[in-house]
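Q: Each chain, written out:
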Amino acid sequence: VDARTRQRLAISHRVLDALRSKEFRSDTLANHAGEHVIMSALPDDTLGSFFEEVRRTDGPVHIATLHGQDLLVVALVPFKSARHARPAPVETFPMGPDVAIGILVDYLILREKPILIREVTPQMRVELVERPDETELKAHCGRH
Amino acid sequence: VTKSRGLAQRRLRSLPDLGVPAAERERWYPPKGDPDLDYKIDNRIPGVGRIMGHTQFDQDNRMTEFSLTAQIFFEGDWEDVARVDSADGEVHVHYFHRTRPAERELIHVIYCQDDVDHGYVTADKMLIAKWSEHVSRWRGGR
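The listed protein sequences derive, respectively, from chains A and B. Sequential numbering of the first sequence, starting at 1, is according to the working numbering. Sequential numbering of the second sequence, starting at 1001, is according to the working numbering.
Any given hint could turn out to be false.
Claimed, not checked - Derived coverage of chain B by chain A (criterion: at least 3 residues anywhere in the stretch with Cβ under 8 Å from a Cβ of chain A; other residues may be distant): (1) 1041 to 1049; (2) 1070 to 1081; (3) 1115 to 1126.
Stated by the list, open to error - In silico lysine-lysine, DSS-like type, Cα no more than 30 Å apart, as pairs: (4) A:80 <-> A:113; (5) B:1125 <-> A:80; (6) A:113 <-> B:1040.
Claimed, not checked - Cβ-Cβ distance ranges computed for the label pairs, FRET-style: (7) A:117 <-> B:1129: 34 to 42 Å; (8) B:1080 <-> A:6: 21 to 29 Å; (9) A:5 <-> B:1014: 53 to 61 Å; (10) B:1025 <-> A:10: 31 to 39 Å; (11) B:1129 <-> A:44: 19 to 27 Å; (12) B:1031 <-> A:52: 40 to 48 Å; (13) A:128 <-> B:1040: 52 to 60 Å; (14) B:1105 <-> A:44: 37 to 45 Å; (15) A:117 <-> B:1108: 43 to 51 Å.
Think of the hints as simulated: they come from the structure by calculation, not from any bench. Here the structure is a predicted model, which means the values were calculated and not measured. Built from N, CA and C at the ideal position, the CB exists for glycine as well.
Between the sequences and the hints, there should be enough to build the whole structure, so can you do that?
A: Written out as structure tokens, the structure is:
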């Protein structure tokens, strides 16, 4: 067992121990099946795999990680805006799949309130690699 | 009037009679639980496996029953490698194998409600600390 696996298992041990507390149980959210999904994550794990897990679970997913020596749990809850209501202006935070859990946790601690994440895909460089010749292009553009 | 033998005799009388088998203490069984106090857990450990299970508590937040199963993802399915639970009035562990039936081993009998919580603490340690041992045994390593 490598060091990272040992750390993940240690976090799981902390999670199982925390379940004995009534506050912990009532603060965590269940999915449609009534299960409380809690993922053991290291602070340098990236958000990408957790976005994927939220999509697959179709319900809340918790990330349990360490902040210093303390166990810290973050709830990721899929956001669905009300269908018929006028969408209220909400401040969203763009986050890519390569953002580290530790950074998200630090940010949440600073904000002291929930945030709405907008998942962004990695930036792409887009360029034409094959283009029609000039006269063909002008003729084509002239038609539109 | 017979002469009292004093302290030695009194000590002898207070000793249990080893000729009579001691009555087995009664096991403690959980009362019918409130389903609202049941907590289902799916603890995913990326790259390692997951721990599935449930715990149940009474109104005073004392554990009444639990079950924790260590699983690994193998060839497209989740497979049980070890389970500790508190069924049948005893905390016990099931060791699973890939190719043969599971073994069951008693950890301790539940004589009072506190024994359930002690069993849960043991279960947590048994599954986590011996994770690689459980996986190796399930694969047929020993």
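Q: Tell me if the beta carbons of residue 1025 (chain B) and residue 10 (chain A) are separated by a distance inside 31 to 39 Å.
A: holds, 36 Å
Q: Is the gap between the beta carbons of residue 128 (chain A) and residue 1040 (chain B) within 52 to 60 Å?
A: The hint (52 to 60 Å, Cβ to Cβ) holds, given that residue 128 (chain A) and residue 1040 (chain B) are roughly 54 Å apart.
Q: Within 37 to 45 Å: is that where the Cβ-Cβ distance between residue 1105 (chain B) and residue 44 (chain A) falls?
A: holds, 38 Å
Q: Determine whether the Cβ-Cβ distance between residue 1080 (chain B) and residue 6 (chain A) falls within the hinted range of 21 to 29 Å.
A: holds, 22 Å
Q: Need the status of pair residue 1125 (chain B), residue 80 (chain A): alpha-carbon distance at most 30 Å?
A: Cα-Cα ~39 Å, so violated.
Q: Tell me if chain A covers the segment 1115 to 1126 of chain B under the three-residue, 8 Å CB rule, please?
A: Result for this restraint: holds, n = 5.
Q: 40 to 48 Å was suggested as the range; check whether the CB atoms of residue 1031 (chain B) and residue 52 (chain A) agree with it.
A: Between residue 1031 (chain B) and residue 52 (chain A), where Cβ atoms are some 41 Å apart, the hint holds.
Q: Given the hint that residue 80 (chain A) pairs with residue 113 (chain A), does the C-alpha gap stay at or below 30 Å?
A: holds, 19 Å
Q: Indicate whether the distance between the beta carbons of residue 117 (chain A) and residue 1129 (chain B) respects the range 34 to 42 Å.
A: Since residue 117 (chain A) and residue 1129 (chain B) have Cβ atoms about 35 Å apart, the given range 34 to 42 Å holds.
Q: Is the straight-line distance between the alpha-carbon of residue 113 (chain A) and that of residue 1040 (chain B) 30 Å or less?
A: holds, 27 Å
Q: Are there at least three residues in the segment 1070 to 1081 of chain B whose beta carbon sits under 8 Å from a beta carbon of chain A?
A: Coverage by chain A is violated for the segment 1070 to 1081 of chain B (0 residues, Cβ < 8 Å).
Q: Could one say that the CB atoms of residue 5 (chain A) and residue 1014 (chain B) fall in the range 53 to 61 Å?
A: This hint holds: roughly 56 Å between Cβ atoms.
Violated hints for the displayed structure, listed by number in ascending order: 2 and 5.
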